[in-house]
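Chains as they are written, first to last, in the working numbering: chain R, 1 to 359; chain G, 1 to 194.
Note that these hints are calculated values from the structure, not bench results.
Where is the CB? At the ideal position from N, CA and C, for every residue including glycine.
You may find that some hints are simply not true.
Partial selection, computed: residues in chain G whose CB lies under 7 angstroms from chain R [as the list claims (entries may be wrong)]:
id : residue
1  : Lys-67
2  : Tyr-77
3  : Phe-114
Covered by chain G, according to a simulated footprint, are these stretches of chain R (three or more residues, beta-carbon under 8 angstroms) [unchecked claim]:
id : segment
4  : 64 to 73
5  : 89 to 99
6  : 117 to 130
7  : 249 to 255
8  : 285 to 296
Here are some chain G residues the structure puts well away from chain R; computed CB gaps all over 10 angstroms [stated by the list, open to error]:
id : residue
9  : Ala-21
10 : Asp-28
11 : Arg-49
12 : Arg-52
13 : Trp-54
14 : Thr-78
15 : Gln-99
16 : Lys-101
17 : Tyr-126
18 : Thr-128
19 : Ala-129
20 : Pro-161
21 : Pro-178
22 : His-180
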Amino acid sequence: MARVRLIALLAAALVSAGCGASRSEERPTPERVGPPGLFTVGSRLYGLSGRSPVRLAGAPVSPLAGWMSPAAAQSADGRYVAYNVWRKLRDDDPARSWRDQGIEPGDPLAIPQIRLVDLELGRDELLAEGAYSVAWRGDGALAYARGVERSYRAFMPYDTELIVRARDGAEQRWSAYPAQYVAVAWAADRLIAYRISAGEHVDTLVFGRPGRERLLVEGGTLVALSPDGSKAFVEEGAASGRPRVRVVDVATGATQAGLPLHEGMSYAGDWRRDLVVARGGSGLVVFRVGGGEITIVQELPVAEGAREPRFTDPTGTQIIASRDTPQGAVFLRCDRERQSCTELQSEPGRLIYNPSRPR
Amino acid sequence: MRVLAAVAVLAFSLAPAASAANGWWTFDRNANLKSVLSWTWTYPPDPTRYTRSWRAGSGTTTNECEKGKGWLPAGWYTLRGHWNDYGGTVIKGRVWWFQDKYCANGTTLRTELFIHTEETRERGQYCTAAYDDPFCWEREADYYSLGCIKLSRPSPVAGFPADMAGAHSYFHTYGGSPNHGDLPDDANELYVFS
Chain R
1 MARVRLIALL AAALVSAGCG ASRSEERPTP ERVGPPGLFT VGSRLYGLSG
51 RSPVRLAGAP VSPLAGWMSP AAAQSADGRY VAYNVWRKLR DDDPARSWRD
101 QGIEPGDPLA IPQIRLVDLE LGRDELLAEG AYSVAWRGDG ALAYARGVER
151 SYRAFMPYDT ELIVRARDGA EQRWSAYPAQ YVAVAWAADR LIAYRISAGE
201 HVDTLVFGRP GRERLLVEGG TLVALSPDGS KAFVEEGAAS GRPRVRVVDV
251 ATGATQAGLP LHEGMSYAGD WRRDLVVARG GSGLVVFRVG GGEITIVQEL
301 PVAEGAREPR FTDPTGTQII ASRDTPQGAV FLRCDRERQS CTELQSEPGR
351 LIYNPSRPR
Chain G
1 MRVLAAVAVL AFSLAPAASA ANGWWTFDRN ANLKSVLSWT WTYPPDPTRY
51 TRSWRAGSGT TTNECEKGKG WLPAGWYTLR GHWNDYGGTV IKGRVWWFQD
101 KYCANGTTLR TELFIHTEET RERGQYCTAA YDDPFCWERE ADYYSLGCIK
151 LSRPSPVAGF PADMAGAHSY FHTYGGSPNH GDLPDDANEL YVFS
């Protein structure tokens with residue numbers, strides 16, 4: 001293994017020498033450092049200031065949401081991490097059909113769970129059974145989607161209610177009717193959520209208060225919220241017509257700026273100052289927002305794409321993201337000045353972040 | 001599997017009576033706008049395969065783990081049901097509904113997966129002045145989907161082939177279930193090539 005690594009290093013050095021200082025998409029040799037902030041590798045939680053990694057009850061994962069919302073998110077005060085766990089009740093081989101595996105309609109296949117880590121007390125507890133996707137509000141309330149039924153069952157859409165759990169544990173239902181919701185983020189005191197329907201059609205909703213929803217984007221998703229939480233940078237893909245991005249006022253839904261695109265963007269990006277970073281078809285795209293306009297300022301190619309990009313410095317120069325590989329998701333650090341992305345480490349991991357604004 | 005399916009394209013005139021046929025779907029992912037959906041059938045115990053194919057689209061990206069955007073994940077799927085007048089909010093008309101599937105990363109579930117077109121519940125067209133009406137097949141970009149498999153059909157504003165009608169006809173004529181609605185015991189499956 002050491003020999004293989006040495007050969008890889010030599011090869012990387014030769015390639016580097018041959019290519020000079022040209023823009024590199026990715027360096028083949030991973031850096032042995034983790035991303036800034038909190039992250040997980042398997043079920044271990046890293047990045048705690050001055051502390052050893054913490055072993056969680058399970059690896060954060062949210063199959064019903066994918067990376068539409070973070071698998072784990074830290075509360076605004078930094079004390080808690082809420083994370084998703086997927087408790088499988090039986091194996092499901094993706095290469096085989098359910099029928100071939102003896103899975104019948106209605107068979108329970110898994111139970112999504114939300115767990116809460118109290119970093120101060122060192123506790124890791126089950127918060128909600130039959131629930132997934134987490135969004136922290138600034139005051140410590142947590143929103144999530146809770147299944148009408150606890151188990152995810154074969155051939156049955158997993159209908160949910162949107163629940164907001166106050167810091168004192170009191171729960172309140174915010175959705176007016178069951179649907180396949182994903183809790184995404186808080187824009188100040190307004191809850192942003194997705195509603196998934198037939199064909200994985202996704203609508204973005206705003207809940208101003210319990211039972212009061214408004215459509216923010218039909219057939220589109222949230223890329224990121226402005227730092228003050230008043231505006232949303234949203235995307236609509238080719239399947240909904242012309243691909244485009246828009247800045248919309250969260251309070252009114254009014255479009256403040258728009259930009260048609262050749263290819264669609266994706267959800268789970270970030271907004272820092274006047275910059276927005278989003279996953280595009282062939283890498284990351286950085287937009288500038290201001291003066292009633294959206295402009296593309298940079299495209300960072302990443303083979304196989306990068307997801308969940310986050311700015312990591314105040315100026316929006318450094319970006320952290322991740323990318324699926326056959327071994328799992330690896331972290332990428334992208335430097336906008338060098339116009340390159342570097343793989344950080346090979347262990348599968350997930351970024352922990354909080355898309356709510358303001359924090 | 002891919003080779004077998006390719007080899008199995010034979011003249012339909014050679015096919016025996018349809019009553020004993022057994023069929024299944026296959027989907028060859030080539031590009032979001034231009035992939036191939038096939039209906040393959042045999043007359044057991046004769047192993048000879050017959051196949052008819054149509055252009056189909058899937059997803060807006062080729063990352064099968066990108067919910068609501070990536071094309072259909074690879075693997076075998078069980079059919080949940082088939083409807084001629086499906087009345088969903090964004091999908092209507094003739095549909096086949098398939099099981100959920102974990103994508104290649106093993107941790108993201110793709111759900112609500114259909115074969116469908118853009119038409120009304122009554123299998124008609126509702127074409128307004130909108131650039132992209134969800135129940136009208138207007139243009140090439142209508143092959144894009146959010147993850148499903150999409151087949152074209154003609155409309156008053158565009159002359160795309162009646163591939164949904166063709167696929168529907170072959171399904172019912174050559175080994176697909178004659179029934180509609182939930183089909184929990186139906187043997188007809190879908191295979192998506194990786």
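Going down the list of hints, with the structure as the test:
no.: 1; hint: Lys-67; in the structure: holds, 4 angstroms
no.: 2; hint: Tyr-77; in the structure: holds, 6 angstroms
no.: 3; hint: Phe-114; in the structure: holds, 6 angstroms
no.: 4; hint: 64 to 73; in the structure: holds (count 5)
no.: 5; hint: 89 to 99; in the structure: holds (count 7)
no.: 6; hint: 117 to 130; in the structure: violated (count 0)
no.: 7; hint: 249 to 255; in the structure: violated (count 0)
no.: 8; hint: 285 to 296; in the structure: violated (count 0)
no.: 9; hint: Ala-21; in the structure: holds, 19 angstroms
no.: 10; hint: Asp-28; in the structure: holds, 17 angstroms
no.: 11; hint: Arg-49; in the structure: holds, 19 angstroms
no.: 12; hint: Arg-52; in the structure: holds, 22 angstroms
no.: 13; hint: Trp-54; in the structure: holds, 18 angstroms
no.: 14; hint: Thr-78; in the structure: violated, 4 angstroms
no.: 15; hint: Gln-99; in the structure: violated, 5 angstroms
no.: 16; hint: Lys-101; in the structure: violated, 6 angstroms
no.: 17; hint: Tyr-126; in the structure: holds, 15 angstroms
no.: 18; hint: Thr-128; in the structure: holds, 13 angstroms
no.: 19; hint: Ala-129; in the structure: holds, 13 angstroms
no.: 20; hint: Pro-161; in the structure: holds, 20 angstroms
no.: 21; hint: Pro-178; in the structure: holds, 19 angstroms
no.: 22; hint: His-180; in the structure: holds, 16 angstroms
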